[in-house]
Amino acid sequence: LAKTTQPISMDSYEGQEVNITCSHNNIATNDYITWYQQFPSQGPRFIIQGYKTKVTNEVASLFIPADRKSSTLSLPRVSLSDTAVYYCLVGDVGFSGGYNKLIFGAGTRLAVHP
Amino acid sequence: DSGVTQTPKHLITATGQRVTLRCSPRSGDLSVYWYQQSLDQGLQFLIQYYNGEERAKGNILERFSAQQFPDLHSELNLSSLELGDSALYFCASSVGQGEGNTIYFGEGSWLTVV
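Residue numbers (the working numbering), protein chains in the order written: chain A, 632 to 745; chain B, 139 to 252.
Hints are not guaranteed to be accurate.
Unchecked claim - Straight-line Cα separation of at most 35 Å, DSBU-like style, residue types lysine-lysine; simulated pairs:
1. A:Lys700 / A:Lys683
2. B:Lys147 / B:Lys195
3. A:Lys634 / A:Lys683
4. A:Lys634 / A:Lys700
5. B:Lys147 / A:Lys683
6. A:Lys700 / A:Lys685
7. B:Lys147 / A:Lys634
8. A:Lys700 / B:Lys195
9. A:Lys634 / B:Lys195
10. A:Lys685 / A:Lys634
11. A:Lys700 / B:Lys147
What the hints contain is simulated information worked out from the structure, not anything from laboratory work.
Sequences and hints are given; from them, build the entire structure.
What follows is the structure in structure tokens.
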């Protein structure tokens with residue numbers, strides 16, 4: 632299973648764009664890259680998922696270079712409510728179905744200031 | 139609301155006791171995952187079930203056990219409880235078939251061992 636490395640913490644201000652980069656040098660061919668957001672005492676919430684190039688949804692964009700050894704989560708115009716821990720996961724979707732041993736790293740604590 | 143339901147939301151029990159945490163996955167999801175998150179700690183993968191069968195095991199203690207029933211709900215049994223078992227226990231579910239599965243988390247069960 633590919634190991635991921637993210638910055639431990641980041642600070643930003645309201646209205647700014649935040650980019651959180653995740654390194655996953657040992658990503659395998661079948662691996663997808665998924666990002667989750669977690670607020671204190673709540674379950675992680677799915678943000679975005681991608682395999683290659685760029686994916687965009689209503690809350691974020693995910694940029695994945697051609698070698699797929701890293702990925703960048705981009706949060707446009709953050710607000711105070713975006714203060715949370717963000718996890719990057721690289722999942723092995725095997726034939727058995729679903730993710731096996733989906734391992735969360737330490738995540739990135741994003742603090743958004745007024 | 140992720141669609142994953144966990145009960146109870148809060149539980150206080152004494153050391154040496156046994157508790158059962160229950161999880162109902164999202165409708166149609168075949169995979170169930172259990173995670174433990176201690177105060178200020180990351181999410182620790184415990185175990186995964188797929189359509190009633192154990193699929194993957196993480197750092198789950200021998201005092202802990204789980205199962206997934208024919209109706210796909212799951213239970214996590216924690217026995218001989220210790221103070222260090224106090225944590226937030228999350229259940230998650232996914233469809234478990236095809237590529238790029240997303241797992242969805244419940245809101246967790248707070249266990250306090252006194």
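These are the hints, each one checked on the structure:
1. For the proposed pair Lys700 (chain A) and Lys683 (chain A), the alpha carbon gap of about 10 Å is at most 35 Å, so the pair holds.
2. Annotation: proposed proximity of Lys147 (chain B) to Lys195 (chain B) holds, straight-line Cα distance about 24 Å (limit 35 Å).
3. About 18 Å separates the Cα atoms of Lys634 (chain A) and Lys683 (chain A), which keeps this hinted pair within 35 Å; it holds.
4. With a C-alpha separation of about 11 Å, the suggested pair Lys634 (chain A) and Lys700 (chain A) falls inside the 35 Å cut-off, and the hint holds.
5. The straight-line distance between the Cα atoms of Lys147 (chain B) and Lys683 (chain A) is roughly 38 Å, outside the 35 Å bound, and the hint therefore fails.
6. Restraint check for Lys700 (chain A) and Lys685 (chain A): the C-alpha separation of about 14 Å stays at or below 35 Å, so the hint holds.
7. At roughly 32 Å between alpha-carbon atoms, Lys147 (chain B) and Lys634 (chain A) fall within 35 Å of each other, so this suggested pair holds.
8. Of the pairs offered as hints, the one joining Lys700 (chain A) and Lys195 (chain B) holds, with about 26 Å between alpha carbons and a cut-off of 35 Å not exceeded.
9. Taking the CA atoms of Lys634 (chain A) and Lys195 (chain B), the gap is about 17 Å. The hint holds against a cut of 35 Å.
10. Taking the CA atoms of Lys685 (chain A) and Lys634 (chain A), the gap is near 21 Å; set against the 35 Å cutoff, the hint holds.
11. Taken as a hint, the Lys700 (chain A) and Lys147 (chain B) pair is broken in the structure, with Cα atoms around 39 Å apart against an allowance of 35 Å.
In terms of the numbered hints stated before, the structure departs from hints 5, 11, listed from lowest to highest.
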